[in-house]
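Asks: Knowing the structure of chain E, use the given hints to seat chains V, G and R on it.
Residue-level listing of the chains:
There are 4 protein chains.
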Amino acid sequence: MGLKGGPTQDEVMAVSLAKLGIRPGDRVVDVGCGTGKVAIAASRLAERVYAIDRRAEAIAYARAQAAAAGVSNVEFFEGDAVEILPDLGPLDAAFVGGSRRLPEVLDLLAGTVQGRIVVNAVMIETLHSAVATMQRLGIFVEAVHLQVSRSADIAGGTMFKPVNPVYIIVGGAGCS
Amino acid sequence: MGLKGGPTQDEVMAVSLAKLGIRPGDRVVDVGCGTGKVAIAASRLAERVYAIDRRAEAIAYARAQAAAAGVSNVEFFEGDAVEILPDLGPLDAAFVGGSRRLPEVLDLLAGTVQGRIVVNAVMIETLHSAVATMQRLGIFVEAVHLQVSRSADIAGGTMFKPVNPVYIIVGGAGCS
Amino acid sequence: MGLKGGPTQDEVMAVSLAKLGIRPGDRVVDVGCGTGKVAIAASRLAERVYAIDRRAEAIAYARAQAAAAGVSNVEFFEGDAVEILPDLGPLDAAFVGGSRRLPEVLDLLAGTVQGRIVVNAVMIETLHSAVATMQRLGIFVEAVHLQVSRSADIAGGTMFKPVNPVYIIVGGAGCS
Amino acid sequence: MGLKGGPTQDEVMAVSLAKLGIRPGDRVVDVGCGTGKVAIAASRLAERVYAIDRRAEAIAYARAQAAAAGVSNVEFFEGDAVEILPDLGPLDAAFVGGSRRLPEVLDLLAGTVQGRIVVNAVMIETLHSAVATMQRLGIFVEAVHLQVSRSADIAGGTMFKPVNPVYIIVGGAGCS
Chain E
14 MGLKGGPTQD
24 EVMAVSLAKL
34 GIRPGDRVVD
44 VGCGTGKVAI
54 AASRLAERVY
64 AIDRRAEAIA
74 YARAQAAAAG
84 VSNVEFFEGD
94 AVEILPDLGP
104 LDAAFVGGSR
114 RLPEVLDLLA
124 GTVQGRIVVN
134 AVMIETLHSA
144 VATMQRLGIF
154 VEAVHLQVSR
164 SADIAGGTMF
174 KPVNPVYIIV
184 GGAGCS
Chain V
14 MGLKGGPTQD
24 EVMAVSLAKL
34 GIRPGDRVVD
44 VGCGTGKVAI
54 AASRLAERVY
64 AIDRRAEAIA
74 YARAQAAAAG
84 VSNVEFFEGD
94 AVEILPDLGP
104 LDAAFVGGSR
114 RLPEVLDLLA
124 GTVQGRIVVN
134 AVMIETLHSA
144 VATMQRLGIF
154 VEAVHLQVSR
164 SADIAGGTMF
174 KPVNPVYIIV
184 GGAGCS
Chain G
14 MGLKGGPTQD
24 EVMAVSLAKL
34 GIRPGDRVVD
44 VGCGTGKVAI
54 AASRLAERVY
64 AIDRRAEAIA
74 YARAQAAAAG
84 VSNVEFFEGD
94 AVEILPDLGP
104 LDAAFVGGSR
114 RLPEVLDLLA
124 GTVQGRIVVN
134 AVMIETLHSA
144 VATMQRLGIF
154 VEAVHLQVSR
164 SADIAGGTMF
174 KPVNPVYIIV
184 GGAGCS
Chain R
14 MGLKGGPTQD
24 EVMAVSLAKL
34 GIRPGDRVVD
44 VGCGTGKVAI
54 AASRLAERVY
64 AIDRRAEAIA
74 YARAQAAAAG
84 VSNVEFFEGD
94 AVEILPDLGP
104 LDAAFVGGSR
114 RLPEVLDLLA
124 GTVQGRIVVN
134 AVMIETLHSA
144 VATMQRLGIF
154 VEAVHLQVSR
164 SADIAGGTMF
174 KPVNPVYIIV
184 GGAGCS
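Just so you know, the sequences run in chain order E, V, G and R. Basically my numbering = 1-based index in the first sequence + 13. Basically my numbering = 1-based index in the second sequence + 13. Basically my numbering = 1-based index in the third sequence + 13. Basically my numbering = 1-based index in the fourth sequence + 13.
This is chain E alone, in the form it adopts within the complex (with noise of 0.2 Å):
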């Protein structure tokens, strides 16, 4: 979530982004970037990615990792998702990593996203709005809960470290 909670984790976007079902040639926004790194990665999968968030320190760092990875078909824009939006014309598929408007923004990515919409939830109350927008918008399609534990040596063996377990909305328009 952010530059607060740290990049995506690694199993946490691979499951994100193969919900999301990216296609050549889709036109993709990232709601709530960060660190950029689910933007850059939609990015190898995607025509176009458009990269919000409306904080400029995440904006800046997450123009310096694009750039640093040479990629060039991200538009970063600063500010509130909610006002940006609707600038951005029809697409192909939406990822939220944060939102302080989530229902708002789910209600603007119903009217314009043709494919998947995913959000990226820690807390309950994020699961719950998320779900509870979606299925009042008709386009839910389905919550994944995401546990995942990481080997580390201890002392003459191997142990798993869990990291923070997320879950995963699906929505989008005439999925089932």
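Hints are computed from structural coordinates only; laboratory data are not their basis. No incorrect hints appear here.
Under the rule of at most 25 Å between Cα atoms (straight-line distance), these lysine to any residue pairs were calculated in the SDA-like manner: (1) G:Lys174 - E:Val176; (2) V:Lys174 - G:Val176; (3) E:Lys50 - R:Ala31; (4) V:Lys174 - G:Pro175; (5) E:Lys174 - R:Ile152; (6) G:Lys174 - R:Pro20; (7) E:Lys174 - V:Pro20; (8) E:Lys50 - R:Glu155; (9) V:Lys50 - G:Glu155; (10) G:Lys174 - V:Leu150; (11) R:Lys50 - G:Pro175; (12) G:Lys50 - V:Arg57; (13) G:Lys174 - V:Gly34; (14) R:Lys174 - E:Leu150; (15) R:Lys174 - R:Arg163; (16) V:Lys50 - G:Leu58.
Just so it is clear, the structure is predicted and the values come from calculations on it, not from any experiment.
Replies: Leaving out everything else, chains V, G and R in the frame of chain E:
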């Protein structure tokens, strides 16, 4: 486990004690007692608890905890469980929080414990060793993987923070 | 969750009872007692248990289970917990396995329970409602997500089969 | 895994493919390809995929799936991977969905795979064997425990139903 890994988590202890099925009058051993947390909890259900740890600092700490809790039916043994177990006589239940010589400990326990034997493991090597040894001894009942996450407040909401997953391996004579 | 969902899993019950912290002499209520499994287990720790369920078949089943277990300190009530709770007098602990009127039940329990209130939830709407209501009442202590997997034999080896994850929400006056 | 256990779950496949890190031009092997699901997905990222399974019915099924998907860069081999692998020449990545001779397969792969080797395991014996063999070969990178739960509608709400947890074991020459 033990002092190194901190005390057994409340939820893991609750499930482990439930699997042990201690009854009034029971004589119970705690192998690798660490902080003494499980031994002290078991002492409220059992007639007598024998708590073994090879580390002097663990025994000193656990003994002080038992005294502070007003518990008088736990007997402490500093040393190697493989050498101490043969002197304890018949037992009704055994908890193994940790041991460097797990197969030998299980061999001994299989011969003297009437009821359940419960092993806590965080390492996959310990899990594998406990299951394989119990299967060889014909006393394997089940293994449970317990993943606990606890709520934590973050900005404006509630998230879940996972604690390290634990394997609870259960054996017992005449169990199915 | 009652007869519909089958009895509470052993591990979930063990953790729920540990969170309840029942002591000898306690008067405990079980709201939505279903098969009576938790009420019967609680009756071995408490002075008296009041088990409520709005379904006649649940009460009949639970009463038969209690009789078969030789338990005589559980009192059964068929009906709506919101109407029955005010007549029970002061309580020491409360377990809520299920309720269609959870906020009202928690309102009532917050006024009469001296110790812990523990709710089991499988639905995210129930989780959200329980946490939000407890926070509003100022009695929220913690929520725990419990993911249990049990070993199962398959061709030549041992795998883990997960059981449905459960949220255990804990509240209580004067708790921290 | 394979036909017996049904196709690899979407989320497990997404994480496994991300760990494989397949790049355009890569030559990839899928040992124990089962339904062919992973081989077909990998074929969209790789130059060429070699899919091996000792079961004639798996190869027939996977070949039909590949044809139906319009995939032409997957080559199928019915037989024992230990005998087939030496003839495939140098490889860039390897996915092992299942094998009765895992240590020998990993021995062979360690000598011919330039990039990542990813094993999926549901049995703890397979987990243990994969980690121990990779450690012996000096190619162990990490193991990940993936616990996925998916939302399901029940009376008036949304709950999570868990799918069987999977271990994803990652190895690779020159990886850290």
